[in-house]
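Here is what each chain is made of, one letter per residue.
2 protein chains.
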Amino acid sequence: MNTTPQTALGPLEAWNRVVIENVRPEIDGGRFPIKRTVAESVLVEADAFTDGHDLVRCELLYRVEGESGWTVAPMASLGNDRYGGSFAVGREGRCFYTVRAALDRFASWARDFEKRAEAAQELAADLEIGAHMLETACRRSNDAALGRAAAALRAGGPGATSAALDPGLAVRMAERADPAEAVVYPRELCVVVERERARFSSWYEMFPRSASPEPGRPGTLADCVKALDYVSSLGFDVLYLPPIHPIGLRFRKGRNNSTRPEPGEPGSPWAIGSEAGGHKAIAPELGSFEDFRRLVARARQLDMEIALDLAFQCSPDHPYVAEHPEWFRHRPDGTIQYAENPPKKYQDIYPFDFESPDWRSLWEELASIVEFWIGHGVKIFRVDNPHTKPFAFWEWLIARIRKRHPDVIFLSEAFTRPKVMYRLAKLGFSQSYAYFAWRNSSWELTEYFRELTQTPIREFFRPNLWPNTPDILTEYLQAGGPAAFAVRLVLAATLGASWGIFGPAFEQAENRPARAGSEEYLESEKYQVRHWDRDRAGSLAEIVARVNRIRRENRALQSDWSLHFHSTDNPALICYSKATENLANIILTVVNVDPKFKHSGWVDLDLNALGLDAEGPFQVHDLLTGARYFWQGPRNYVELDPRVLPAHVFRLRLRTRSERDFDYYA
Amino acid sequence: MNTTPQTALGPLEAWNRVVIENVRPEIDGGRFPIKRTVAESVLVEADAFTDGHDLVRCELLYRVEGESGWTVAPMASLGNDRYGGSFAVGREGRCFYTVRAALDRFASWARDFEKRAEAAQELAADLEIGAHMLETACRRSNDAALGRAAAALRAGGPGATSAALDPGLAVRMAERADPAEAVVYPRELCVVVERERARFSSWYEMFPRSASPEPGRPGTLADCVKALDYVSSLGFDVLYLPPIHPIGLRFRKGRNNSTRPEPGEPGSPWAIGSEAGGHKAIAPELGSFEDFRRLVARARQLDMEIALDLAFQCSPDHPYVAEHPEWFRHRPDGTIQYAENPPKKYQDIYPFDFESPDWRSLWEELASIVEFWIGHGVKIFRVDNPHTKPFAFWEWLIARIRKRHPDVIFLSEAFTRPKVMYRLAKLGFSQSYAYFAWRNSSWELTEYFRELTQTPIREFFRPNLWPNTPDILTEYLQAGGPAAFAVRLVLAATLGASWGIFGPAFEQAENRPARAGSEEYLESEKYQVRHWDRDRAGSLAEIVARVNRIRRENRALQSDWSLHFHSTDNPALICYSKATENLANIILTVVNVDPKFKHSGWVDLDLNALGLDAEGPFQVHDLLTGARYFWQGPRNYVELDPRVLPAHVFRLRLRTRSERDFDYYA
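Each protein sequence line maps, in turn, to chains E and X.
First residue of the first sequence? That's 1 in our numbering, and the numbers climb one at a time after it.
First residue of the second sequence? That's 1 in our numbering, and the numbers climb one at a time after it.
Calculated directly from the structure, the hints in this document are not laboratory data.
None of these values were measured; they are calculated from a predicted model.
Careful: at least some of the hints might be erroneous.
Claimed, not checked - Calculated lysine-lysine pairs in the DSSO-like style (CA-CA distance at most 30 Å, straight line):
hint: 1; chain 1: X; residue 1: LYS526; chain 2: E; residue 2: LYS115
hint: 2; chain 1: X; residue 1: LYS419; chain 2: E; residue 2: LYS115
hint: 3; chain 1: E; residue 1: LYS345; chain 2: X; residue 2: LYS115
To be verified - Now the in silico label distances, taken between C-beta atoms and shown as ranges:
hint: 4; chain 1: E; residue 1: LEU607; chain 2: X; residue 2: SER441; range: 25 to 35 Å
hint: 5; chain 1: X; residue 1: ALA145; chain 2: E; residue 2: GLU523; range: 46 to 56 Å
hint: 6; chain 1: X; residue 1: PHE372; chain 2: E; residue 2: ASN80; range: 36 to 46 Å
hint: 7; chain 1: X; residue 1: GLY481; chain 2: E; residue 2: PRO186; range: 51 to 61 Å
hint: 8; chain 1: E; residue 1: GLU523; chain 2: X; residue 2: ALA144; range: 49 to 59 Å
hint: 9; chain 1: X; residue 1: LYS345; chain 2: E; residue 2: GLY69; range: 39 to 49 Å
hint: 10; chain 1: E; residue 1: GLY69; chain 2: X; residue 2: GLY66; range: 38 to 48 Å
hint: 11; chain 1: X; residue 1: GLU118; chain 2: E; residue 2: GLU40; range: 47 to 57 Å
Where is the CB? At the ideal position from N, CA and C, for every residue including glycine.
Start from the sequences and build out the full structure, keeping to the hints where you can.
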């Protein structure tokens, strides 16, 4: 960037009287793309102005990657020299947009001409000026209508005045304007368009080896095929499996993360690689590629997908260790550097050395792993610990994969520092875990979700809300029992267009920690086979299923941007709404975030945000219970007992506005 | 900008594990410089982070324009991956700054080593890794101390451990780090450094022809020389004169903007140019260049300066019109296009056509006008209607002038749309008129001055606050009488480090409008000679002088950034403080903004912002009246009668903090 203003005079073309600035959305000066999903739109705003009093015409330029020319759409004045316009994004891939502005000399002339005509001033000279502009444009554009208009102006009299004041003429002149006279914003901004599931998805994480219906026999991929019916009945559309690759033997971890395993213990699936293969192999105890093919096929039948885990690290037994020792860091004694968080040592894990002199072949190989599983029907990847690999690697990898496979979705596991988490999202991850798991009070939730949904962060960061994961059994869940699980699942599923649970531990409300003060599970499935009775009494499966059905049936919950918080007079009660753009579908959720006690209070609705009249009554229909209540005005009473149900998920049904009448008795 | 991520693998140098983002201050992605005055400092902040757990070292790089190398200063961690550092700017001119960051591999190693040592782990291999890093750095930097440290680490035993843990060693290694391993923020950001008067100035505008002490005789530059003593006694340091050039005859305006002047009427000074000359001439009725030389010299003796008006436009009689008709726009009938705001016509004014095919010679000529007056000792210019000339012209002109004369100050008259006003400031104007004149209520003032002083706008926009100008006699002043003038002068002089008045109309509380609803003065000096009796009873001169003395004696009032508003329980009372950085000088102002009635109420001070203890008593010393009050805690009572004085301008005097004891009895 040259910040030195020119003190010599360059060509006239080097300056333009029109300025464009403050273009939004724009991430880090255009360094990163914004994100959308198919059929969404991009609302672009910009300041545009000039010296003096001339009118400015502002236009939005956009194109799909690969197209040569821009599509041009007008931007409307929003007042205070700001303009806005929008375009819809079509298929998956990348689009570009920018802003163009120009002096609208003819419209400026017409505006002044009208004032002169109203003041009954002498108009001959001004008619000649207008005619000259029309003639010039006629010659350039070969639009004979402009030539006829010029002649009408020159003819004088009332006909000339009315021809000059024809608003259609100014529009026509704007359409015929010389693009060379316009200034174009110097940056082409990018939008990455993904399929809808990048925005709206419901995930279920499950260890295949825990999927066996028979106690005592470890689960397999074949069991997962059967389990798909259960997961589908819960309403999820993504089944995410922790790594399914062969597990290393050396330094294998035992039950409860023991470093002294008993013979026959299965080890951690994240210790990837054994003599049976590495990241492109399936652990023999889980089954074959044919089993995997069946799993993918059955998921497709159920309108679901299989997501795999990308854990780019090796056990000491991974074939890469012998074949490519140059991809690992070596200690002075010649041994390979295992993972550490001093003084802790993880001798079952060898990280890759992304700065290895042979980094290119390593990066290519890792990309080939993703391609390999895409070849086996996987289009969604959950990425393990992306923050321990270079940012440049992810930007390269995701761009490279998306170039051939724009429908591939990446979920970033990054519970690390906020700026690192956001950077990973900017680099291309479709979705990211967020800090939801640790935001429990209504104040924390409000602050955090305003940051995620009402600031420019929403342009690049799509949160995926997980109440639990194999690594995270929060203190809230440990202490709060099944009611706490119900609170968290309603919050996750209604605050987030994407959410997920680690089951069956979640729906069984498994809440025993490894030890006091730990977020690890006791008898964690990371280190041992567990058996779950899916039909156990007290399972939260039914409420999970109900919430997922509500999500599918209500488009309001399928996007995050409309999230709006409403006041309550009891801090244990949080209230928020989501709505479709046309307000045809409005979901109002009220949650008692205290899993121990019944709470009641008054919610104070922002009726304007809900498109409601100040006085008109409306119906709130609780989609969790089927109950319907008549509310009126902003203040309404709620009472929620966590021993029954800690939440209302209301659909607003109106009778005051005719266009939404149909909905009232639905 | 290439927003396409590389999908092919480039050189290793093309990526770096460290990211720098969110660098502040930065205006429009580095497109425009920030502003400082001599001896101020620039506090720079940036996010810097890496993948994984390595420590990052962040440094501030800065240099004066023309210097080849960067000066490097460490940036301290502010938490959450943010770093801060600062540098002081020296002489007038331009400086550059940017941010550099690198992995601090040795410090990361030392941090881990310490944890391993505390856990009594085997350290031999880690000592060898550290020794190897030290050796490599020793070879590269020829610092033998690093070689000795390597040997100490290799010697093993307690000596090796303590050598490894020596914090001085990590610092030394950081100082010897290879700059090639660092990442440098891709933009060099610029700061324009001006002299102090660009930040802190007190302006007095006066028509020379109204400066005569004898009624009936028009004033001259020689009268201005004498008037300087008066203006200086009021405490002003800039005397700004409307255009002093010959005034055109054709279409000359008469008294009260009449288009039918009587013979002998003097015309508007902004209708520049007659057969006596143009922008490089002095109107014969005002005097000679020798008179002007005496004026400049006398001002210098009084530590004042003369500011001239740059009004780039011509009367029909300007020599340019005949010599350079190509610099003007022509109408179809061959006449030159006069200024218009349809249906209004200003036939006494010909605007330049900045887009003329011969624009280069026009721009050069206009620059030569500025150079001409610089040659006659003028270093401050007030620019008339900059928003009617192209932005590119101002950016070019100011850069060009500053290159040879970095001490030249430009004040932008731009009461136009806010975005245009800010753009002109970004382009290089030192100071700008602002919307102060129309912000009267405490709420309006608070909102507006928070925008000006507590947002990034302050980095490029320096407001100059004028309660009145020859064009602006606000309704507030018209209706409020002398008390209103007192309110506005205290507000302007304490809210703004730069302020100005158009006198003697201001201190004489002249408040007769041209007509109801107009902001123009009756008998405006723009169109006629006025005579003022400076010694008239009831003049506000004494309070003006007192306020300007307070400004000179209290550094807190000489900058805008510390402005802090404090609550009051009466909307007619506004309360705010300004303080020096070390809090040695704190001015607390309370103003009754209702010029009609006495108001009383409680101010609720933000004691923390004032560096005061919650309980400790303190003294407030009213510098306007000399009265002293003892206050305690945040809530204190005030009562202000506009018929006496509408404001307190308190200096806080403390006895609770020893370092400020000295001040208490001052």
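Checked hints:
no.: 1; hint: LYS526/X to LYS115/E; result: holds (27 Å)
no.: 2; hint: LYS419/X to LYS115/E; result: holds (26 Å)
no.: 3; hint: LYS345/E to LYS115/X; result: holds (12 Å)
no.: 4; hint: LEU607/E to SER441/X: 25 to 35 Å; result: holds (29 Å)
no.: 5; hint: ALA145/X to GLU523/E: 46 to 56 Å; result: holds (54 Å)
no.: 6; hint: PHE372/X to ASN80/E: 36 to 46 Å; result: holds (38 Å)
no.: 7; hint: GLY481/X to PRO186/E: 51 to 61 Å; result: holds (53 Å)
no.: 8; hint: GLU523/E to ALA144/X: 49 to 59 Å; result: holds (58 Å)
no.: 9; hint: LYS345/X to GLY69/E: 39 to 49 Å; result: holds (44 Å)
no.: 10; hint: GLY69/E to GLY66/X: 38 to 48 Å; result: holds (45 Å)
no.: 11; hint: GLU118/X to GLU40/E: 47 to 57 Å; result: holds (53 Å)
In this structure, none of the earlier numbered hints is contradicted; all agree with it.
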